[in-house]
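Kindly produce the complete structure, drawing on both the sequences and the hints.
Numbering-wise (this note's numbering), the sequence shown opens with residue 70 and increments by one.
You can take every hint at face value.
Label-pair distances were calculated between CB atoms; the ranges are:
hint, residue 1, residue 2, range
1, Glu-137, Asn-208, 24 to 34 Å
2, Phe-206, Glu-286, 15 to 25 Å
3, Asn-230, Ser-150, 30 to 40 Å
4, Thr-177, Leu-222, 32 to 42 Å
5, Glu-276, Asn-230, 14 to 24 Å
6, Asn-230, Asp-199, 11 to 21 Å
7, Val-172, Glu-149, 15 to 25 Å
8, Arg-263, Gly-205, 26 to 36 Å
Since the hints were derived computationally from the structure, they do not count as laboratory data.
Yeah, the Cβ is synthetic: ideal placement off N, Cα and C, and Gly gets one too.
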Amino acid sequence: MPLARRWYAAMARICETCALSATSTGAILWPATSPDLSLVKNVWDATGYIINVKLDPETANPDLLLSEDGKAVRSKTHKESSFSSFLYRRPSKFDGWPCVQAVDGFSTGRHYWEVEVKGKSEWRIGVVKDSAPRHGFVNMNTTAGYWTLRLQLGSLMALTNPVTKLNQPNPSKIGVYLDIEEGQVSFYETEQRRHIYTFKTNFRKSEKIYPVFGTVETHRPLWIM
Numbered sequence: 070m071p072l073a074r075r076w077y078a079a080m081a082r083i084c085e086t087c088a089l090s091a092t093s094t095g096a097i098l099w100p101a102t103s104p105d106l107s108l109v110k111n112v113w114d115a116t117g118y119i120i121n122v123k124l125d126p127e128t129a130n131p132d133l134l135l136s137e138d139g140k141a142v143r144s145k146t147h148k149e150s151s152f153s154s155f156l157y158r159r160p161s162k163f164d165g166w167p168c169v170q171a172v173d174g175f176s177t178g179r180h181y182w183e184v185e186v187k188g189k190s191e192w193r194i195g196v197v198k199d200s201a202p203r204h205g206f207v208n209m210n211t212t213a214g215y216w217t218l219r220l221q222l223g224s225l226m227a228l229t230n231p232v233t234k235l236n237q238p239n240p241s242k243i244g245v246y247l248d249i250e251e252g253q254v255s256f257y258e259t260e261q262r263r264h265i266y267t268f269k270t271n272f273r274k275s276e277k278i279y280p281v282f283g284t285v286e287t288h289r290p291l292w293i294m
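Below is the structure:
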């Protein structure tokens with residue numbers, strides 16, 4: 070069970086005992102650190118929209134290895150890689166950056182999921198619009214239709230255009246909150262109960278937005294909780 074959901078269940082019991090509402094305790098559990106507090110959903114808002122995210126092998130870069138249950142991804146080792154796998158191109162496949170998107174995309178509603186990244190030194194996590202380019206080494210930033218965070222060489226950044234460097238400790242577990250109607254993608258460090266960054270945009274009506282993940286590490290996978 071995701072950590073945020075466990076917090077919610079535990080605090081709901083406390084609130085019931087103390088005759089408090091979950092909303093009234095949100096500021097205690099998840100203090101907002103964003104300069105624009107109107108963009109940040111507290112923990113109660115976000116975790117109420119938890120979804121089951123599974124990776125789509127049909128979109129995975131051929132150099133990635135997915136778990137059978139579709140909940141984890143890592144890069145293949147040299148022995149696991151096959152040159153022949155690069156000979157096949159599908160319209161939706163990432164063939165440049167080592168990325169993969171989720172099976173399900175969303176054109177409406179609010180959605181929340183968590184990813185374990187503890188101990189990892191490199192990753193990309195966020196969302197991508199259906200019409201965004203996927204072939205080659207495109208600039209995976211907001212201009213291209215990607216709203217993601219990246220950890221590279223120990224530096225955390227939001228892939229805006231230009232890049233926004235985030236002077237924050239490397240997270241261990243990331244919560245992603247997507248609100249289509251509000252045009253909001255927010256990231257949280259769930260173990261430290263800390264807001265990391267929020268993108269604001271205008272999503273095109275009827276176009277699906279997909280969770281997206283990337284990593285080059287061969288021994289520490291990204292785990293979707």
